[in-house]
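Student: The primary structure of each chain is shown beneath.
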Amino acid sequence: MAFVAGYVLLLIAFGVLPTGYAIYFAFTDGGGSFTGFSNFISTAQDFRFVDAIGHVAIYLVFWLLSLVVFVVALALLLHRVSSSRASQALRFLYYIPGALAGAASVLVWLFMLDPTVSPVSSLLGALGFHTFGEVIAPGNLPVLFTIVAFWTGAGGWIVVMYGALNNIPTDVMEAARIDGASAWQTAWHVQIPMLRKWIIYMVILAFAGGAQLFVEPQLLSLASVGVAGRDYSLNQLTYDFAFQMNNINGAAAVSMELLVVSVAAAGVFVARSGFFDAD
Amino acid sequence: MSRASQRASRRKRPLGQTSSRLLVGTVLALFVLFFALPVLWLVLAATKTDQQLVNNNPLSFGSFGALKANWDALTAFQDNAVLQWLGNSALYAVISLVITLCVSIPAGYALAMTEFRGRRALLVSTLVVMLMPSATLVVPLFLEVNAAHLIGTMWSIVLPYSFYPFGVYLTYIYFSTAVPKDLLAAARMDGCSELGVFRHIALPLATPVIALVGFFSFVANWTNYFLPYVMLPESNQMPIQVGVGSLLSNVPQFNPTAGSLGIERPQLALATLVAISPVLIVFLFAQRFLVSGMLAGATKE
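Here the protein sequences come in this chain order: A and B. Sequential numbering from 728 applies to the first sequence in my numbering. Sequential numbering from 216 applies to the second sequence in my numbering.
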């Protein structure tokens, strides 16, 4: 079919082929001979590997929890704003940082977190942070990366959740109201269950996005000699293996692991939620 | 909330209208501050000198003179490098946007409106690839592009950008929920060719989804960091995202090893502002489609 030909070509070239390449490199050595799992074992024994997994895992917990709690809460609150003009303006304001993804959002937050120039330096001071170095202490990084990611990513999801709330049939909401349900009860027993699919969808995409953490720690390592190393996240580690240590096969092995975990998570999602039922 | 407390709260009178409104309003306003304050600060920071940035009120306006001076200093950095990076970004983002649209709109249309061999397999693989984190493929992509001798050319990022399964999925959802199949069947019966049906019936109806796919793909391409960071390390080929990253390492306050020829913080703020402005402009134009388009996706049950 001619309509899908171009897409199929791109799918093969930039979806299937690189995946195949990654598998091939992950199971071979520099000379191209099959090595079994030795690339996986040798990278797992790298002294930075377990640390990087830990960093990414802690970050994911913070990031997913804050996303679910705040996005759902904000969408529900916005949905109670009766003036449609006010609610639209708020959604727009929340969405603006979405345009600042990538390096720009990290730079903005480097400024926000630097007490010498930050508009909230008194807040930072009240929390006990007086220098940039204190703010970006290693223990704070998962929270800081969560703030950056939430700042850029939450607005879009709030818009999506708000839309999903709008799609709850009015008679359902009406029935809840007639039964005397409070706002809390309506939210907990009617609205949140009907958002379930969307919440799962958000968690899976946010998981896949969070697991590939790269630009935040990479830029922070430029801004703070020695605090966040160039090997904080798994993707930084693959970059380091591939381009600093010339160990393409090890990099491919780590990439494969990330890919398998993310696709497995996606598979669970597709199977459990029925979200993508095609027909 | 436990069952018992639910029963208890059901007996209670609902919270007073005014006080609950006040609470909702306060929470929403606090989040406005969280989302908008950094952007406002960024805009104002670009109008100050580095000393003003440290000493003056963070939310005060500097002067247009300082803004001009910052701009001059920024453009002087590596001889107009910032303008070159902006041009690169625009070139990369627009070319891949055009390819994305030409490829994904017909594909999503065909998946939604026609039956063909392999349709289901294509749909499933699109969904899987969509959920696959693209950054994990950066190293394999590098190897593939290297094998094709395209490293250091713009195609090394333009072509991978052009592959945008999310766009196909959005188009698919849009056509299968918002456009009745009967409409196309009627056109076919009137003797319209498959291509004619697509061009004269489907495409005009697809304007909202084209805008939506275009916006998302533009933003995704513009803000991507990892792929160009790997593929195009030469300064004169960098897109603006990677460029502002390299500016960062020339700011002495953030990187003590930067020499005295480095740039200052307000100039970095200005560079960040310049880096995001095209997306903000496109965003303002696309906003109408954004909200309605996201809702179109949300209606799928």
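Don't read these hints as lab results, they were simulated from the structure. Certain hints may be false.
Said to hold, decoys possible - So the derived list for chain A, only partly shown, Cβ under 10 Å to chain B, looks like this:
1) Ala784
2) Leu787
3) Phe789
4) Ser845
5) Phe934
6) Ala935
Stated by the list, open to error - DEER-style ranges, computed between Cβ atoms:
7) B:Ser275 - A:Asn894: 43 to 49 Å
8) B:Leu306 - A:Ala800: 38 to 44 Å
9) B:Leu495 - A:Leu736: 30 to 36 Å
10) B:Lys396 - A:Asn894: 21 to 27 Å
11) B:Lys396 - A:Tyr751: 28 to 34 Å
12) B:Asn271 - A:Val743: 53 to 59 Å
13) A:Ala816 - B:Arg403: 42 to 48 Å
14) A:Ala784 - B:Trp286: 39 to 45 Å
15) B:Ser450 - A:Arg999: 34 to 40 Å
16) A:Val995 - B:Ser275: 49 to 55 Å
17) B:Arg403 - A:Ile750: 30 to 36 Å
Every residue gets a Cβ at the ideal spot worked out from N, C-alpha and C, and that includes glycine.
Student: With reference to the structure, classify each hint as holding or not holding.
Tutor: Checked hints:
no. : hint                            : in the structure
1   : Ala784                          : 15 Å, violated
2   : Leu787                          : 12 Å, violated
3   : Phe789                          : 16 Å, violated
4   : Ser845                          : 7 Å, holds
5   : Phe934                          : 9 Å, holds
6   : Ala935                          : 4 Å, holds
7   : B:Ser275 - A:Asn894: 43 to 49 Å : 44 Å, holds
8   : B:Leu306 - A:Ala800: 38 to 44 Å : 42 Å, holds
9   : B:Leu495 - A:Leu736: 30 to 36 Å : 33 Å, holds
10  : B:Lys396 - A:Asn894: 21 to 27 Å : 22 Å, holds
11  : B:Lys396 - A:Tyr751: 28 to 34 Å : 42 Å, violated
12  : B:Asn271 - A:Val743: 53 to 59 Å : 55 Å, holds
13  : A:Ala816 - B:Arg403: 42 to 48 Å : 45 Å, holds
14  : A:Ala784 - B:Trp286: 39 to 45 Å : 43 Å, holds
15  : B:Ser450 - A:Arg999: 34 to 40 Å : 47 Å, violated
16  : A:Val995 - B:Ser275: 49 to 55 Å : 51 Å, holds
17  : B:Arg403 - A:Ile750: 30 to 36 Å : 43 Å, violated
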